Amino acid sequence: MKPVIVFGGYGTFGAHVARELARMGHAVTIAGRDRRKAEAAARALGPRHRGVAADVTIAESCRAALAGHAVAVSCAGPFSALGEALLRECVAARCHYADLADDRAHAARVRGWSGAFRDAGLTAAYGCSSLPGLSGALALLAREGTPMPPRGARVTLFIGNANPKGMAAVRSAAEVIGRPIAAPQGTLHGFADPETVALPPPFGRRTVLNFDGAEYDLFPPLLGVSSVAVKVGFELPAARLAFAALGALPSRHRPRATRLLIALGSPTRRLGRSGGAVLVELTWPDGTARRAALACEEKGQRMAALPCALAAAALASGNRVRPGAATAYELLGHRELLQAMAASGFPVTGA
Numbered sequence: 098m099k100p101v102i103v104f105g106g107y108g109t110f111g112a113h114v115a116r117e118l119a120r121m122g123h124a125v126t127i128a129g130r131d132r133r134k135a136e137a138a139a140r141a142l143g144p145r146h147r148g149v150a151a152d153v154t155i156a157e158s159c160r161a162a163l164a165g166h167a168v169a170v171s172c173a174g175p176f177s178a179l180g181e182a183l184l185r186e187c188v189a190a191r192c193h194y195a196d197l198a199d200d201r202a203h204a205a206r207v208r209g210w211s212g213a214f215r216d217a218g219l220t221a222a223y224g225c226s227s228l229p230g231l232s233g234a235l236a237l238l239a240r241e242g243t244p245m246p247p248r249g250a251r252v253t254l255f256i257g258n259a260n261p262k263g264m265a266a267v268r269s270a271a272e273v274i275g276r277p278i279a280a281p282q283g284t285l286h287g288f289a290d291p292e293t294v295a296l297p298p299p300f301g302r303r304t305v306l307n308f309d310g311a312e313y314d315l316f317p318p319l320l321g322v323s324s325v326a327v328k329v330g331f332e333l334p335a336a337r338l339a340f341a342a343l344g345a346l347p348s349r350h351r352p353r354a355t356r357l358l359i360a361l362g363s364p365t366r367r368l369g370r371s372g373g374a375v376l377v378e379l380t381w382p383d384g385t386a387r388r389a390a391l392a393c394e395e396k397g398q399r400m401a402a403l404p405c406a407l408a409a410a411a412l413a414s415g416n417r418v419r420p421g422a423a424t425a426y427e428l429l430g431h432r433e434l435l436q437a438m439a440a441s442g443f444p445v446t447g448a
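For the sequence shown, counting from 1, position 206 maps to 303 in the working numbering; every step adds exactly one.
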């Protein structure tokens, strides 16, 4: 099998994807702007792996790095700033693509390349993470066996406080603060509308806020729902209150306040758990409600990165090629994806 190249493979989530691929037996190339970090990360994986310098936003750099690879995995962020260079060069190099972005605009961008990937006999697997990869699989599981489509869907991503927080992820979250969110039922606003949800153990009842996600675009045709809510919650109540306060500030003050929030949050990073949860709740007009969730007390970032590694491994092995753009649950099958998660220590609850 040709090796898999992971752009951003020494970052917070990219390192998880690279380790999983290596564990599955795939040769991995770690790519990033810092050659020394890329080479060090590759050495940590073992002698079969290598590191290269590459910039995912520059076409020429992507082109040189892609040569000889079966799959390119994008773990570099923030995804809102990446552009289309890697997508374009993957088509030209006849290389499959996968990413773990939860950025709604980026997901739409990848879907815009579906025809080019389909014509080339390639797959562009996007959103292969908690949102919308795992949330979509859980929604389809909860929808099974029901003759009528549900009316509404609520997705909750809950983040344990002890998870290492990469700057790209923090900046991506901060971009949502106060921003209008186009939902099927109308306009929402980022980090507004607090609701209380009952999460699986060990988290229990928590207050969550609006988040932007590809589910607003994907769930109406997938499930037949007319209302979608995507929520995010934090283990420390202070973090939720801080994000809610940022949302009340004028937009011109948010960048400086966000940097202050990050600095103040550093001393608390070891508090709490490193786990997390993805919960999907479906409701019907007659009052019926069904739910399905993945939750873990520890290793929440590994749970989030696994769908991307599974998608990339399937493409590299030639086992699951679906020409065009596809989510992880479309590429792998929602039950197969959840079974693979369970085999890795993350079973479904509440279905």
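Where hints are given, some of them may not hold.
What the hints assert, rightly or not - Per label pair, the in silico range of CB-to-CB distance:
(1) ARG248 - PRO291: 18 to 26 Å
(2) ASP131 - THR293: 23 to 31 Å
(3) GLU292 - GLY122: 26 to 34 Å
(4) GLY301 - ALA439: 16 to 24 Å
(5) SER441 - ALA141: 26 to 34 Å
Since the hints were derived computationally from the structure, they do not count as laboratory data.
Here the structure is a predicted model, which means the values were calculated and not measured.
Think of the CB as a built atom: it goes at the ideal place given N, C-alpha and C, for glycine as much as any other residue.
Legend entry - Numbers of the earlier hints that this structure fails to satisfy, in rising order: 2, 3 and 5
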